[in-house]
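Protein chains in written order, with our numbering: chain A, 18 to 281; chain B, 3 to 424; chain C, 6 to 194.
Since the hints were derived computationally from the structure, they do not count as laboratory data. One thing to keep in mind: the hints can contain errors.
What the hints assert, rightly or not - Below, in silico cross-link-like pairs of lysine-lysine (DSS-like), each with a Cα-Cα straight-line distance of 30 Å or less:
#	chain 1	residue 1	chain 2	residue 2
1	B	311	A	280
2	B	346	A	275
3	C	190	C	122
4	C	85	C	122
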Amino acid sequence: MRKLLPLLAVVALVSASAVAQSSSEPVPPKEMKWSFDGVFGTYDRGALQRGFQIYKEVCSSCHSLNMVAFHDLAGPGGPGFTELQAKAIAAGYKIPAEPNERGEITDERGNRLTRPGVLADHFPQPFPNEQAARANNGGALPPDLSLIIKARNGGADYVYSILTGFTETPPHGFAVMSGKYYNPYFAGRNISMPPPLKRGSVSFADGTPASVSNEAKAVVTFLAWASEPQLEARHRIGFEVLAFLLLLAGLLFLAYRKVWHDKH
Amino acid sequence: MAEHSSYVPGSGLTRWLDQRLPIIRLVNDSFVSFPTPRNLNFWYTFGGVLTFMLAIQIVTGIVLAMHYVPNSEMAFLSVEQRIMREVNYGWLIRYLHSNGASMFFLAVYIHMFRGLYYGSYKSPREVLWILGVFIYLLMVMTAFFGYVLPWGQMSFWGATVITSLFSALDQLVPHLGTSITTWLWGGFAVDDATLNRFFSLHYLMPFVIAGVVGLHIWALHVPGNNNPLGIDVKGPQDMVPFHPYYTVKDGFFLVLFIIVFLSFVFYAPNFFGNPDNYIQANPMVTPTDIVPEWYLLPFYAMLRSVPQKLLGVLVMGGALVSLLFLPWLDSSKVRSCRFRPLMKQLFWIFAADCVLLGFCGSQTADASWTIAGAQLPLVWIARLGTLFYFAFFWVLMPWIGKIEVTRPLPESIAQSVLGDGE
Amino acid sequence: MVNATNPEPTRRDFLYIATGAAVTVGAAFAAWPFIDQMNPSSAVLAMASIEVDLAAIQPGQQVIFKWRGHPLFVRRRTAKEIAAARAVPVSSLVDGLARNANLKDSAPASDENRVIKPEWLVLVGVCTHLGCIPTVSTPQSPQGSFGGWLCHCHGSEYDTAGRIRKGPAPQNLFVPPYAFTGPTKIKIG
Numbered sequence: 018m019r020k021l022l023p024l025l026a027v028v029a030l031v032s033a034s035a036v037a038q039s040s041s042e043p044v045p046p047k048e049m050k051w052s053f054d055g056v057f058g059t060y061d062r063g064a065l066q067r068g069f070q071i072y073k074e075v076c077s078s079c080h081s082l083n084m085v086a087f088h089d090l091a092g093p094g095g096p097g098f099t100e101l102q103a104k105a106i107a108a109g110y111k112i113p114a115e116p117n118e119r120g121e122i123t124d125e126r127g128n129r130l131t132r133p134g135v136l137a138d139h140f141p142q143p144f145p146n147e148q149a150a151r152a153n154n155g156g157a158l159p160p161d162l163s164l165i166i167k168a169r170n171g172g173a174d175y176v177y178s179i180l181t182g183f184t185e186t187p188p189h190g191f192a193v194m195s196g197k198y199y200n201p202y203f204a205g206r207n208i209s210m211p212p213p214l215k216r217g218s219v220s221f222a223d224g225t226p227a228s229v230s231n232e233a234k235a236v237v238t239f240l241a242w243a244s245e246p247q248l249e250a251r252h253r254i255g256f257e258v259l260a261f262l263l264l265l266a267g268l269l270f271l272a273y274r275k276v277w278h279d280k281h
Numbered sequence: 003m004a005e006h007s008s009y010v011p012g013s014g015l016t017r018w019l020d021q022r023l024p025i026i027r028l029v030n031d032s033f034v035s036f037p038t039p040r041n042l043n044f045w046y047t048f049g050g051v052l053t054f055m056l057a058i059q060i061v062t063g064i065v066l067a068m069h070y071v072p073n074s075e076m077a078f079l080s081v082e083q084r085i086m087r088e089v090n091y092g093w094l095i096r097y098l099h100s101n102g103a104s105m106f107f108l109a110v111y112i113h114m115f116r117g118l119y120y121g122s123y124k125s126p127r128e129v130l131w132i133l134g135v136f137i138y139l140l141m142v143m144t145a146f147f148g149y150v151l152p153w154g155q156m157s158f159w160g161a162t163v164i165t166s167l168f169s170a171l172d173q174l175v176p177h178l179g180t181s182i183t184t185w186l187w188g189g190f191a192v193d194d195a196t197l198n199r200f201f202s203l204h205y206l207m208p209f210v211i212a213g214v215v216g217l218h219i220w221a222l223h224v225p226g227n228n229n230p231l232g233i234d235v236k237g238p239q240d241m242v243p244f245h246p247y248y249t250v251k252d253g254f255f256l257v258l259f260i261i262v263f264l265s266f267v268f269y270a271p272n273f274f275g276n277p278d279n280y281i282q283a284n285p286m287v288t289p290t291d292i293v294p295e296w297y298l299l300p301f302y303a304m305l306r307s308v309p310q311k312l313l314g315v316l317v318m319g320g321a322l323v324s325l326l327f328l329p330w331l332d333s334s335k336v337r338s339c340r341f342r343p344l345m346k347q348l349f350w351i352f353a354a355d356c357v358l359l360g361f362c363g364s365q366t367a368d369a370s371w372t373i374a375g376a377q378l379p380l381v382w383i384a385r386l387g388t389l390f391y392f393a394f395f396w397v398l399m400p401w402i403g404k405i406e407v408t409r410p411l412p413e414s415i416a417q418s419v420l421g422d423g424e
Numbered sequence: 006m007v008n009a010t011n012p013e014p015t016r017r018d019f020l021y022i023a024t025g026a027a028v029t030v031g032a033a034f035a036a037w038p039f040i041d042q043m044n045p046s047s048a049v050l051a052m053a054s055i056e057v058d059l060a061a062i063q064p065g066q067q068v069i070f071k072w073r074g075h076p077l078f079v080r081r082r083t084a085k086e087i088a089a090a091r092a093v094p095v096s097s098l099v100d101g102l103a104r105n106a107n108l109k110d111s112a113p114a115s116d117e118n119r120v121i122k123p124e125w126l127v128l129v130g131v132c133t134h135l136g137c138i139p140t141v142s143t144p145q146s147p148q149g150s151f152g153g154w155l156c157h158c159h160g161s162e163y164d165t166a167g168r169i170r171k172g173p174a175p176q177n178l179f180v181p182p183y184a185f186t187g188p189t190k191i192k193i194g
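Work out the full structure, taking the sequences as your base and the hints as a guide.
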């Protein structure tokens with residue numbers, strides 16, 4: 018609503034300047050340029066594939082990606098893996114198996130029986146339940162990443178800022194809680210997630226230097242796709258539909274003028 | 003209207019049908035030959051826009067219900083995974099429906115303010131206006147039920163906060179309010195039972211709205227349209243048949259409206275949304291800022307501006323109920339603000355007041371403005387805004403009509419349009 | 006719109022015709038998403054093809070898998086069952102066509118045309134009469150008189166190659182599209 022009205026934008030500026038910048042208030046996210054911004058935005062295929070690699074090798078040890086299926090990796094508008102590549106990726110994951118012919122879902126030692134993933138499967142969760150996830154992360158719950166870009170104010174910029182925001186040193190006198198990390202972009206500035214990305218965390222097959230910022234850009238692009246897998250179709254269809262409607266509006270305007278020319 | 007019917011059946015078959023079910027005659031008399039004032043402007047095209055939006059919401063809603071699961075375990079997943087990712091064009095249909103709700107309210111607010119500006123609620127159109135207010139109230143309820151269905155954090159906490167308004171009745175009769183909320187929820191909190199009944203009601207209410215829209219159009223066609231001059235039509239020279247004059251005009255502006263609507267759907271589908279609703283409902287954690295959808299913000303600001311719980315609910319309800327009395331609160335003999343210099347200014351102040359209240363509603367409860375070094379809590383701005391809202395209806399409108407010196411009305415619509423006009 | 010006394014459409018008429026045509030075409034395109042949404046979703050299509058391991062199936066045993074919402078019969082036939090199926094002349098069959106998605110539609114219903122490897126009979130377990138699920142026949146519990154399957158709904162009897170021999174069903178049980186991906190692994194669909 019306030020975005021709709023210039024009058025209120027002025028008012029908002031007045032009030033924004035009034036907000037006291039207390040030291041635990043988060044800093045506004047960095048403003049980045051993304052390949053998927055704008056009317057003709059599409060996902061950078063290279064970044065999607067690199068970002069998938071980072072999700073797989075770094076994020077997935079704590080964060081689930083429940084809503085994404087392996088066949089999505091080979092789908093239109095996605096990272097552009099071939100079906101064979103997607104199959105191989107799926108087969109590399111262990112999926113909790115269905116009960117075997119004796120009705121068991123665990124082996125003799127109590128370990129969960131698994132089977133290799135297939136295209137129809139979704140990414141498996143790193144922890145079997147919320148309690149296990151919390152127990153392994155110092156009481157914090159790593160959120161599912163399927164919708165993370167749409168579920169945060171600031172979207173892609175925010176997630177990028179969090180991922181690259183660990184290098185900044187706390188202001189003088191700021192107390193970082195024990196077991197937490199300083200990140201000025203996070204609410205309260207104390208975040209439970211340890212810095213996930215380091216220079217050279219992964220080695221990119223396409224030769225892109227594995228700097229923290231390149232890694233963050235790639236994984237944010239991948240997560241943006243995971244949040245909005247239909248974005249490319251949406252942008253393309255939207256352009257066609259609006260172009261048609263503008264033409265139709267033109268025709269209707271001419272018809273309107275013709276009909277009314279003797280009545281005004 | 004039947005006595006003025008200009009319909010002449012063109013063939014034996016239509017004559018046969020006309021004697022048994024004069025439906026073609028009804029459509030012809032209502033939307034083809036219907037005599038309409040020749041001077042209706044752009045602001046009068048929103049009735050057509052609203053009919054279109056109701057149809058869009060019903061069609062997309064029926065489709066979404068084919069894939070949606072009204073179960074607290076599965077609702078979020080059925081929307082965000084099944085509909086948004088798996089169903090063919092599911093994303094498009096969902097974004098049409100969610101943005102369609104905002105567009106529906108945008109159009110209804112323009113339609114209502116247009117009626118207010120041109121005095122379309124005044125005699126003989128009081129029933130038309132009241133039916134319109136009922137449609138608006140039904141829309142608010144439908145939108146509220148619908149917003150709960152995706153079962154995100156805002157869905158859940160919005161449902162909790164709004165249904166908890168009834169608990170204010172405990173202050174009148176002990177346990178009355180609590181019993182009502184328990185009954186509404188089907189439990190001790192918003193949960194699966196609540197979601198199920200809200201889904202059922204959300205599916206039902208659009209058809210109730212469609213029925214009242216039928217009455218609204220009927221009540222419009224008995225006295226005929228008001229017009230920007232607010233004067234009665236004097237004869238055929240003041241009128242044009244609805245078709246083709248207003249079908250083409252409404253059609254043109256409808257397409258412009260659709261362009262705006264679809265620009266949001268395709269390029270900013272989450273503009274009106276709240277990121278918290280992309281997080282699954284969690285009864286154990288409340289989001290930091292609970293904000294209703296933009297179209298309810300003014301009422302939310304009024305609710306929050308009153309420090310006493312029951313009084314706050316009554317004020318919010320009173321703001322809606324005041325609309326019903328409008329035809330009798332306005333004491334002026336002249337309809338259109340074009341000829342009412344005082345009312346015209348008051349109208350714009352009232353419109354700005356609604357926007358200001360909306361802004362207050364969108365801010366956190368403890369927000370404040372710093373003007374010239376002084377802290378001015380927004381809650382006080384909202385209180386002033388609320389006071390003006392009620393004063394506008396209950397004090398200023400009855401009073402202004404009595405003291406206002408109106409400008410001279412034109413002889414007729416035809417003279418105004420064909421003569422030197424505006 | 007076209008004036009009867011003036012057969013040439015005027016420029017004005019042309020404008021109206023073009024506008025009407027644009028509205029019609031636009032409405033037709035807009036209808037497509039609302040129709041297509043009822044087609045199988047990507048999740049359903051992802052399940053359209055499955056891979057199963059047959060290693061655990063014993064001779065004479067039938068195992069049922071679920072494929073595209075229907076039961077899929079995989080029967081490891083004994084030499085006796087294969088011989089019984091091969092002894093039947095095709096000309097004596099009710100349905101002379103193989104009904105095998107891996108072969109041409111005109112392929113005859115010989116036992117060779119009903120299988121890829123004679124030992125493994127893979128069938129869609131839906132009676133071709135009205136869609137009930139036939140019950141498998143075993144030497145311990147014979148169903149019907151042809152050693153294959155009996156459909157209890159209306160008494161259709163199938164032989165050990167899944168061919169209709171008696172009863173109201175018009176066609177042999179369908180052989181789905183499948184291929185061996187290993188000695189005892191098949192991919193269906």
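Going through the hints against the structure:
1. A hinted pair counts as satisfied when its Cα atoms are at most 30 Å apart, and residue 311(B) with residue 280(A) does not qualify at roughly 56 Å.
2. Under the criterion of a C-alpha separation no larger than 30 Å, the hint pairing residue 346(B) with residue 275(A) is inconsistent with the structure, at around 34 Å.
3. A threshold of 30 Å between alpha carbons decides the hint, and for residue 190(C) with residue 122(C) the separation of about 12 Å falls inside it, so the pair holds.
4. Only pairs whose Cα atoms come within 30 Å are accepted, and residue 85(C) paired with residue 122(C) is accepted, the gap being roughly 15 Å.
Consistency note: the structure conflicts with the earlier hints numbered 1 and 2.
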